[in-house]
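Kindly produce the complete structure, drawing on both the sequences and the hints.
Number of protein chains: 2
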Amino acid sequence: MLQLLQDYDCWVFDLDGTIWRGNEVIEGVLEALELLRKLGKKVLFMTNNSMKSRGSYLDKCLQVGLPAHVDDIYCSSYSAAAYLDSIGFDRSKKAYVVGERGIMQELAAVGIESFGGPDDNEKRASFSSEMLHDTQVGAVVCGVDPNLSYYKVQYASMCLLLNPGCLFIATNTDARGHFTPNLEWAGAGATVGAIKGVVERDPIVTGKPSPFLMQDIAAKHNVQPAKSIMVGDRLDTDILWGLNTGMATLLVMTGVTDEQLLVAQRGSSNGVKPHFVMDSFGDLRRVAQQALQQQK
Amino acid sequence: MLQLLQDYDCWVFDLDGTIWRGNEVIEGVLEALELLRKLGKKVLFMTNNSMKSRGSYLDKCLQVGLPAHVDDIYCSSYSAAAYLDSIGFDRSKKAYVVGERGIMQELAAVGIESFGGPDDNEKRASFSSEMLHDTQVGAVVCGVDPNLSYYKVQYASMCLLLNPGCLFIATNTDARGHFTPNLEWAGAGATVGAIKGVVERDPIVTGKPSPFLMQDIAAKHNVQPAKSIMVGDRLDTDILWGLNTGMATLLVMTGVTDEQLLVAQRGSSNGVKPHFVMDSFGDLRRVAQQALQQQK
Numbered sequence: 000m001l002q003l004l005q006d007y008d009c010w011v012f013d014l015d016g017t018i019w020r021g022n023e024v025i026e027g028v029l030e031a032l033e034l035l036r037k038l039g040k041k042v043l044f045m046t047n048n049s050m051k052s053r054g055s056y057l058d059k060c061l062q063v064g065l066p067a068h069v070d071d072i073y074c075s076s077y078s079a080a081a082y083l084d085s086i087g088f089d090r091s092k093k094a095y096v097v098g099e100r101g102i103m104q105e106l107a108a109v110g111i112e113s114f115g116g117p118d119d120n121e122k123r124a125s126f127s128s129e130m131l132h133d134t135q136v137g138a139v140v141c142g143v144d145p146n147l148s149y150y151k152v153q154y155a156s157m158c159l160l161l162n163p164g165c166l167f168i169a170t171n172t173d174a175r176g177h178f179t180p181n182l183e184w185a186g187a188g189a190t191v192g193a194i195k196g197v198v199e200r201d202p203i204v205t206g207k208p209s210p211f212l213m214q215d216i217a218a219k220h221n222v223q224p225a226k227s228i229m230v231g232d233r234l235d236t237d238i239l240w241g242l243n244t245g246m247a248t249l250l251v252m253t254g255v256t257d258e259q260l261l262v263a264q265r266g267s268s269n270g271v272k273p274h275f276v277m278d279s280f281g282d283l284r285r286v287a288q289q290a291l292q293q294q295k
Numbered sequence: 000m001l002q003l004l005q006d007y008d009c010w011v012f013d014l015d016g017t018i019w020r021g022n023e024v025i026e027g028v029l030e031a032l033e034l035l036r037k038l039g040k041k042v043l044f045m046t047n048n049s050m051k052s053r054g055s056y057l058d059k060c061l062q063v064g065l066p067a068h069v070d071d072i073y074c075s076s077y078s079a080a081a082y083l084d085s086i087g088f089d090r091s092k093k094a095y096v097v098g099e100r101g102i103m104q105e106l107a108a109v110g111i112e113s114f115g116g117p118d119d120n121e122k123r124a125s126f127s128s129e130m131l132h133d134t135q136v137g138a139v140v141c142g143v144d145p146n147l148s149y150y151k152v153q154y155a156s157m158c159l160l161l162n163p164g165c166l167f168i169a170t171n172t173d174a175r176g177h178f179t180p181n182l183e184w185a186g187a188g189a190t191v192g193a194i195k196g197v198v199e200r201d202p203i204v205t206g207k208p209s210p211f212l213m214q215d216i217a218a219k220h221n222v223q224p225a226k227s228i229m230v231g232d233r234l235d236t237d238i239l240w241g242l243n244t245g246m247a248t249l250l251v252m253t254g255v256t257d258e259q260l261l262v263a264q265r266g267s268s269n270g271v272k273p274h275f276v277m278d279s280f281g282d283l284r285r286v287a288q289q290a291l292q293q294q295k
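The listed protein sequences derive, respectively, from chains A and B.
Under numbering that gives the first Met the number 0, think of the first position of the first sequence as 0, with each following residue one higher.
Under numbering that gives the first Met the number 0, think of the first position of the second sequence as 0, with each following residue one higher.
Simulated from the structure, these hints should not be mistaken for laboratory data.
All C-beta atoms in this analysis are idealised placements derived from N, C-alpha and C, irrespective of residue type, glycine included.
Hints may be right or wrong, so weigh each one.
As the list claims (entries may be wrong) - Computed footprint of chain B on chain A; a stretch qualifies when at least three of its residues, placed anywhere within it, have a C-beta under 8 Å from a C-beta of chain B:
1) 140-152
2) 177-183
3) 194-203
4) 253-262
Claimed, not checked - Counterexamples of contact, computed for chain B against chain A with all Cβ distances above 12 Å:
5) Gln2
6) Asp58
7) Leu61
8) Gln62
9) Gly64
10) Phe114
11) Ser125
12) Asn181
13) Ile216
14) Glu258
15) Ser268
16) Ser279
This is the structure in structure tokens:
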């Protein structure tokens, strides 16, 4: 374990299930992160949760006692906006959002007008009248939405089916997330699955495991993937993203992955296999302390 | 075309997009059906729409001037109930319904207790508290749901993920339906896609194109597939169901299939290829009249 601390300069952490569960920070994690920083490591955060913007995640980090800078935080709401920006999305077009406010805030930050999101929470569709949609929608952007509704799915589908060239963007397709400490909740997979079930095409995924954000991270933070390690609780996003971007990968068992799933993936020829596994990242506290003693 | 009338004794019709669009009957169809019956043909109806029960579809048929008997009508709400009945579903367990009242009525008709459906339309989930589910749910039954919500998707997913052996039943997975005359609406594909995106497994489909209902039809109506023809507007359900059950197939262009889609399927090695194609089933009126003249 000491070897890990010597080999990797940049540590990228998932949030839900790795750093915290809902609003509860996992035991020992704050201290372990503090020790990493004392050892001179670059510490970044990368969440597939699209509910908030980077600014809001920064607030949450500070609130739970985790010092951070907004540039250290990557969230999938940011990834969707960064993707549309990178392809030169026509600013005379709009985005329709099925998801939370964070996506709309990140879109606004790159000058893309959006609507929908929480503003459509109370809208209902009815088969007793036809429905109209905005022909100027050039992208549908989806994330986890605790107010997902038939209306939103229908509206998004009309944009995708009837507006020529309308892009289908998913911040992520996570099946489930630990949005409260003791329960797994439907993730963006519900939103994407519903729309996909209607439009019969796959979205462009911008968050994990898509390698899209790696360029952004490497440029901004002078990060070399070979000297970096991704720490997360989810094999099909966190670990796969690390593998897709040429980083080392460390799975923690404090989130959605249990022993059974890990064993199954390891035994499968096309399974997602992390380089390292720890029960909890909080356990690094002791090892990091040891490393710190040796440095002195 | 006259040959068709000689070759097939049993004619099975899709409803939405074939007989009517929303509440408007397609021109000439009622007369064509009347003539078929005068020629001594067996006329059955089979819809993937799960919103209503057989009784309610009978009412709609009578209302638009189409005489029918409840035993002539097959709908996917019935198919789900018939499937659970056929496998001896444990009656001490319950079904959770994400769909309309028709599913619950058909389940009740075979003695299966169900809840959810329209009774859950106003319920909302919140990440500020945990959520409970009924551990006695032994099946989740899904269909098209104009009040699909995050709450319903989450509740269904909890039953499927947390109740051992809980069955995942889909009345159908139709992407879209003509529930109003001029617009395609999100179909059961939205419901199934959302839940599938969370539970990461495929449902058992009981409606078209699953051949499940064929046995029921053959037994009750003394129907021979080789002497039967399926008439519908949808390649991936109506026509595929006909092909799966050994019937002849007749595609009509009054619903969701356009020329472009038909050409693409015909050109594809694994495309769904109907035996016959007509612009509208209403066009049969003239041919059937001719046949009737010859019979006299």
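Each hint tested on the structure:
no. : hint    : verdict
1   : 140-152 : holds (count 7)
2   : 177-183 : holds (count 5)
3   : 194-203 : holds (count 6)
4   : 253-262 : violated (count 0)
5   : Gln2    : 35 Å, holds
6   : Asp58   : 17 Å, holds
7   : Leu61   : 20 Å, holds
8   : Gln62   : 16 Å, holds
9   : Gly64   : 21 Å, holds
10  : Phe114  : 19 Å, holds
11  : Ser125  : 7 Å, violated
12  : Asn181  : 6 Å, violated
13  : Ile216  : 27 Å, holds
14  : Glu258  : 17 Å, holds
15  : Ser268  : 19 Å, holds
16  : Ser279  : 22 Å, holds
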